[in-house]
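A.B. asks: Now for the letters of each chain:
There are 2 protein chains.
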Amino acid sequence: MKVYNFSAGPSVLPEAVLKRAQDELLNYNSTGMSIVEMSHRTKAFDEVIQRTESLLRELMQIPDDYYVLFLQGGASTQFDAIPLNLLKTGKADYVVTGNFASKAAQAASRYGDIKIAASSKQDNYTYIPDLTGDIFRPDADYIHITSNNTIFGSRITKDKIPTTVAPLVCDCSSHILGEEIEVSKYGMLYAGAQKNIAPAGLTIVIIKKDMTTYPMDICPIMLKYSTHAENGSMYNTPPCFPIYMAMLNLEWLKEFGGIKAMEQQNIYKASLLYDYIDSTDFYKNNIKPEDRSIMNVPFVTGSAELDAQFVKEAGANGFVSIKGHRVVGGMRASIYNGMPVEGVKALVEFMKDFEMRNK
Amino acid sequence: MKVYNFSAGPSVLPEAVLKRAQDELLNYNSTGMSIVEMSHRTKAFDEVIQRTESLLRELMQIPDDYYVLFLQGGASTQFDAIPLNLLKTGKADYVVTGNFASKAAQAASRYGDIKIAASSKQDNYTYIPDLTGDIFRPDADYIHITSNNTIFGSRITKDKIPTTVAPLVCDCSSHILGEEIEVSKYGMLYAGAQKNIAPAGLTIVIIKKDMTTYPMDICPIMLKYSTHAENGSMYNTPPCFPIYMAMLNLEWLKEFGGIKAMEQQNIYKASLLYDYIDSTDFYKNNIKPEDRSIMNVPFVTGSAELDAQFVKEAGANGFVSIKGHRVVGGMRASIYNGMPVEGVKALVEFMKDFEMRNK
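Chains as they are written, first to last, in the numbering used here: chain U, 1 to 359; chain X, 1 to 359.
Bear in mind the hints are in silico, worked out from the structure with no lab data behind them. Here the structure is a predicted model, which is why all the values come from computation and not from measurement. Each hint should be verified, as a subset may be incorrect.
Cross-link-like lysine-lysine pairs, in silico, DSS-like; alpha carbons within 27 Å at most [stated by the list, open to error]:
1) X/Lys43 / U/Lys103
2) X/Lys19 / U/Lys19
3) U/Lys103 / X/Lys224
4) X/Lys19 / U/Lys2
5) X/Lys224 / U/Lys115
6) X/Lys103 / U/Lys209
7) U/Lys312 / X/Lys312
8) U/Lys19 / X/Lys2
9) X/Lys224 / U/Lys91
10) U/Lys103 / X/Lys209
11) X/Lys254 / X/Lys345
12) U/Lys160 / U/Lys209
13) X/Lys43 / U/Lys2
14) X/Lys254 / X/Lys224
15) U/Lys185 / U/Lys260
16) U/Lys43 / X/Lys103
17) X/Lys43 / U/Lys19
18) U/Lys43 / X/Lys312
19) U/Lys88 / X/Lys224
20) U/Lys43 / X/Lys260
21) X/Lys209 / U/Lys43
22) U/Lys185 / U/Lys158
Chain U extracted, bound-state conformation (with noise of 0.2 Å):
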């Protein structure tokens, strides 16, 4: 049977770079060696580590005057970090859109004076608030922000996203390569890896070359951006395995067209669950229209019986890892780059199919 992973992390990658993968894991480019086991100082990972670096600049176009960094630790990690490096005043300003936003923000303030900008909680994170006007301070030290939120399914969209005096830090785990992101508007963006670019266990940051050079006396040294960007990466052995699949999928994304024409597709796969879930009254998404995420669907069907039978027979049909967060309840579609737009209009007709069983 063909299985469709919907998961929300770590997910789908394309079949194409898991059978390279496959092909080389007993000898990469000749070396006699698997890539897992070969030291990160020979010229062969040096390599790899440079040209997943520079596939990753060419495609997101990241100006010159940024870090590109391979760290450990997931988002979560960031969380902790970015305080620790970007406090200076001891002022930081928050956009509470979602489970990881909050968690960022309550790690930031055992730090410092952490101001919740705004925030949809107490409507359960079904829009994004409006970001303008003078809601950030002005001499705060920066402002983050959750681009797109995993649980709930919804995203900050180009338009909305602030102008702010201060620099914008923003966590784009959920939709990095996804959407195209202007990363000059952003002072750092970070992401965990295992959910558009490659399996668990890498984290990278992207940040602007003058924002790493005054962290806290009391951060850790390998919580240190300085510490990374001093060593290309390498301070420390980098999580090796992540950062070559990383290339593989970057290859993989140049030759498909790039992030504009991945984004094309990915709307295109979005619209495809939207606009049946909106044509019916079987299924509801709760999200506001404008601010639904493309990544990230979430349904139900208003009966927790009927959500779970759905997720059982959905796995039974080869639709897997589809149940939706705890937070949430019901099903949750992630539809990341590596899912194929076939898995999309398998899962819209099966879905189509469980309505005219259930109905």
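Given the structure of chain U, go ahead and fit chain X onto it with the hints provided.
C.D. replies: Below, chain X without anything else, positioned relative to chain U:
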């Protein structure tokens, strides 16, 4: 050409382990998914992490009052995390027997009163200092040792592991699973996986449960042992692929006969090299014989040009990553569990041949 990989880390993995990973890379355990794209919340991955922990507990005989944590960031991140979690009165004593031991002490000194209880730095780390008597402060929060020194090729043999009042904390990155370790003598053991356990990107912490409860206020959430202990190492997405590879490697080690059997093979492999080196004036190992590592065997010819020629010719003959660390020079053969006996024998033959041609 057959390649033997003598890298100090990431390092050679057993061919059988790599082949199994390759076989199931596109379809793990009939799930229709790759292990690298599977949600860490699936039943299939939960079984992987549980089995990895249970194999490690069985093989290392880890008592029930210890947590086994699967973390990210390398042993270097533990250099920060240890003082941030374990300093209570603010005092800790460190034994400095090499480069990483020194880095661990330096990181800790940012957070408390750190005493270097013993060091062989003034003699280029060519031996393990005496660790008996009252060199440790009885009121220290913990004592830190590095039981195998990757760069210099020394180790603290079992009979020299100190008996201390304060809990013993040990970086065993470069010989975990290669030699028996009596876990109950330690408060905490930790190891980067990329030498003897799995590909890079996983750090294993084995810690007494009662030592995880008093992190300092400034300890980042993601560096607290309690964060990971309370969540079965799944507070956030763990490094799934290295954990899976650790499982395969531990299964291989169990089939081999366990750690004691492996230690005997490692002693034999090391003796092939040391016996030959000691039998000739052409090569020299600078470590005091009773303190020699059985994992990392550095040697020099005494001539920098000959050393460079050796490294070059060795590489051309399939003995790769054998260049010594820059602070030591010469050559270093890292002969972890994954290095077969025939690899060491072939290297000794090459060394003999090189000697014949150049003495």
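A.B. asks: Please work out if lysine 19 of chain X and lysine 2 of chain U have their alpha carbons no farther apart than 27 Å.
C.D. replies: 24 Å, holds
A.B. asks: Going straight from one Cα to the other, do lysine 312 of chain U and lysine 312 of chain X come out at no more than 27 Å?
C.D. replies: 59 Å, violated
A.B. asks: Between lysine 224 of chain X and lysine 115 of chain U, does the CA-CA distance stay at or below 27 Å?
C.D. replies: 25 Å, holds
A.B. asks: Mind checking the alpha carbons of lysine 103 of chain X and lysine 209 of chain U for me, to see if they're no more than 27 Å apart?
C.D. replies: 26 Å, holds
A.B. asks: Under the criterion that the straight-line Cα-Cα distance not exceed 27 Å, is the pair lysine 19 of chain X, lysine 19 of chain U satisfied?
C.D. replies: 14 Å, holds
A.B. asks: Compare the distance between the alpha carbons of lysine 254 of chain X and lysine 224 of chain X with 27 Å, and conclude whether the hinted pair is satisfied.
C.D. replies: Answer violated: lysine 254 of chain X to lysine 224 of chain X is near 31 Å, above 27 Å.
A.B. asks: With the threshold set at 27 Å, check whether the alpha-carbon distance from lysine 209 of chain X to lysine 43 of chain U stays at or below it.
C.D. replies: 42 Å, violated
A.B. asks: Straight-line Cα separation of lysine 103 of chain U and lysine 209 of chain X no greater than 27 Å?
C.D. replies: 26 Å, holds
A.B. asks: Are the Cα positions of lysine 254 of chain X and lysine 345 of chain X separated by 27 Å at most?
C.D. replies: 24 Å, holds
A.B. asks: Tell me if the straight-line CA distance from lysine 43 of chain U to lysine 312 of chain X falls inside 27 Å.
C.D. replies: Judged against 27 Å, a Cα distance of about 14 Å means the pair holds.
A.B. asks: Checking one constraint from the list: CA of lysine 103 of chain U to CA of lysine 224 of chain X, max 27 Å. Satisfied?
C.D. replies: 15 Å, holds
A.B. asks: Need the status of pair lysine 43 of chain U, lysine 260 of chain X: alpha-carbon distance at most 27 Å?
C.D. replies: Violated. Lysine 43 of chain U to lysine 260 of chain X sits at ~36 Å, over the 27 Å cutoff.
Comparing the model with each numbered hint stated earlier shows that hints 7, 14, 20, 21 do not hold.
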